[in-house]
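Letter by letter, the sequence shown follows residues 1 to 273 of the working numbering.
Some hints here could point you the wrong way.
In silico lysine-lysine, DSSO-like type, Cα no more than 30 angstroms apart, as pairs [what the hints assert, rightly or not]:
id, residue 1, residue 2
1, Lys236, Lys2
2, Lys36, Lys161
3, Lys236, Lys123
4, Lys161, Lys236
5, Lys101, Lys161
6, Lys177, Lys130
7, Lys79, Lys130
8, Lys36, Lys2
Ranges of calculated distance between the beta carbons of each label pair, as one might list FRET restraints [said to hold, decoys possible]:
id, residue 1, residue 2, range
9, Thr120, Trp6, 16 to 26 angstroms
10, Ser138, Arg271, 15 to 25 angstroms
11, Glu206, Ser138, 14 to 24 angstroms
12, Lys130, Asn171, 11 to 21 angstroms
13, Lys1, Tyr162, 16 to 26 angstroms
14, Ile238, Arg188, 21 to 31 angstroms
15, Lys79, Pro29, 13 to 23 angstroms
In case anyone wonders, no lab produced these hints; they're calculated from the structure. Beta carbons: idealized from backbone N, C-alpha and C, even for Gly.
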Amino acid sequence: KKQELWFYESLSDSHYLRPFLAQFLGCAPFTQSELKQLLENFQLPESSKESIIEVDEEDNQLRHWNPWAIQMHCARLLKFNEKQEPTYVYLVLQDLTHGYKYPTILDVKIGVRQYGDDATAEKRASQMKKSEATTSGSLGFRLCGMQVWEPAQSRYRHLHKYEGRQVTRENVQSTLKSYFFNGIRLRREILDSAIDELQTLLETLENHPSQYRFYSTSLLLLYEGEERSDQKVQIKLIDFANTFPRMEYQDDDSCFLMGISNLTSMLIRIRDS
Numbered sequence: 001k002k003q004e005l006w007f008y009e010s011l012s013d014s015h016y017l018r019p020f021l022a023q024f025l026g027c028a029p030f031t032q033s034e035l036k037q038l039l040e041n042f043q044l045p046e047s048s049k050e051s052i053i054e055v056d057e058e059d060n061q062l063r064h065w066n067p068w069a070i071q072m073h074c075a076r077l078l079k080f081n082e083k084q085e086p087t088y089v090y091l092v093l094q095d096l097t098h099g100y101k102y103p104t105i106l107d108v109k110i111g112v113r114q115y116g117d118d119a120t121a122e123k124r125a126s127q128m129k130k131s132e133a134t135t136s137g138s139l140g141f142r143l144c145g146m147q148v149w150e151p152a153q154s155r156y157r158h159l160h161k162y163e164g165r166q167v168t169r170e171n172v173q174s175t176l177k178s179y180f181f182n183g184i185r186l187r188r189e190i191l192d193s194a195i196d197e198l199q200t201l202l203e204t205l206e207n208h209p210s211q212y213r214f215y216s217t218s219l220l221l222l223y224e225g226e227e228r229s230d231q232k233v234q235i236k237l238i239d240f241a242n243t244f245p246r247m248e249y250q251d252d253d254s255c256f257l258m259g260i261s262n263l264t265s266m267l268i269r270i271r272d273s
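The task is simple: from the sequences and hints, build the whole structure.
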């Protein structure tokens with residue numbers, strides 16, 4: 001989307017948000033034939049519910065296929081394929097999971113307002129209804145996706161976005177806690193790291209007058225599922241398709257900072273309980 005491209009191109013190399021973003025690598029064209037080839041490569045058995053783990057013959061590296069992620073990729077590619085455009089242009093971003101053996105990931109959508117300035121009346125009504133019906137409306141954040149590596153079972157445990165919408169204010173803390181539980185123990189070192197990273201992000205945002213209004217932007221939390229010494233969590237801001245410039249007179253009407261603050265406070269309660 002043009003807004004996301006505008007956001008990345010508006011950032012200077014020394015911008016204070018840079019440490020909290022995936023690296024933007026430019027744009028790449030994609031032809032119709034390449035799109036169809038991708039669709040063929042993404043096909044998985046309809047019965048696939050668990051992660052598929054295989055070894056790539058070329059580099060002998062593990063490859064993990066999340067059935068829900070594949071389903072979403074296919075749906076998006078099919079949507080583009082229906083348009084029959086000769087060429088598509090995609091943003092190219094850093095693969096944040098590169099170098100991880102068992103990437104354990106949490107996607108948290110931040111803010112109460114989820115629609116951009118260019119949304120239609122129908123879209124605005126739909127997003128307002130969705131926010132009011134989920135923890136977005138009451139807490140300023142909701143869980144949109146999760147995969148947790150469980151070493152004892154040699155498998156991933158998943159939560160997809162529709163399951164995330166069913167999480168309530170009453171059980172969001174226990175669901176959030178499950179991200180740090182690998183089936184054997186609570187990864188307290190990862191939890192401590194997440195709190196530190198979120199507090200740093202929140203302090204950075206509070207200390208810099210924002211040039212942007214973030215709507216439907218997410219926080220991506222990522223750590224290695226295989227236990228190693230001195231492990232930390234990586235936290236990045238992602239999804240800027242509904243990010244717009246902020247004028248001096250405009251407030252944080254998305255409650256972006258409130259959402260990050262509430263998420264941080266909840267992690268502290270989990271740590272101290």
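Here is what the structure says about each hint:
For the suggested pair Lys236 and Lys2, the alpha carbons sit about 21 angstroms apart, so the restraint of at most 30 angstroms is met. With a C-alpha separation of about 26 angstroms, the suggested pair Lys36 and Lys161 falls inside the 30 angstroms cut-off, and the hint holds. A distance of roughly 27 angstroms separates the Cα atoms of Lys236 and Lys123; the hinted pair therefore holds under the 30 angstroms criterion. Of the pairs offered as hints, the one joining Lys161 and Lys236 holds, with about 19 angstroms between alpha carbons and a cut-off of 30 angstroms not exceeded.
Of the pairs offered as hints, the one joining Lys101 and Lys161 holds, with about 24 angstroms between alpha carbons and a cut-off of 30 angstroms not exceeded. At most 30 angstroms may separate the alpha-carbon atoms for a hinted pair to count; Lys177 and Lys130 meet this at roughly 23 angstroms. Of the supplied pair hints, the one linking Lys79 and Lys130 holds, its CA atoms being roughly 23 angstroms apart against a limit of 30 angstroms. A C-alpha spacing of about 24 angstroms is found between Lys36 and Lys2, which places the hinted pair at or below 30 angstroms, so the restraint holds.
Judged by the Cβ atoms, the range 16 to 26 angstroms given for Thr120 and Trp6 holds: they are separated by roughly 20 angstroms. Separated by about 22 angstroms at the C-beta atoms, Ser138 and Arg271 satisfy the suggested range of 15 to 25 angstroms. Here the CB-CB span from Glu206 to Ser138 is close to 22 angstroms, well matched to the stated 14 to 24 angstroms. Hint check: Lys130 to Asn171, Cβ distance near 18 angstroms, so the stated range 11 to 21 angstroms holds.
For Lys1 and Tyr162, the hinted distance range of 16 to 26 angstroms is satisfied, since their beta carbons lie about 22 angstroms from each other. At roughly 26 angstroms, the beta-carbon separation of Ile238 and Arg188 lies within the given 21 to 31 angstroms, and the hint holds. A hinted range of 13 to 23 angstroms for the beta carbons of Lys79 and Pro29 is consistent with their spacing of about 18 angstroms.
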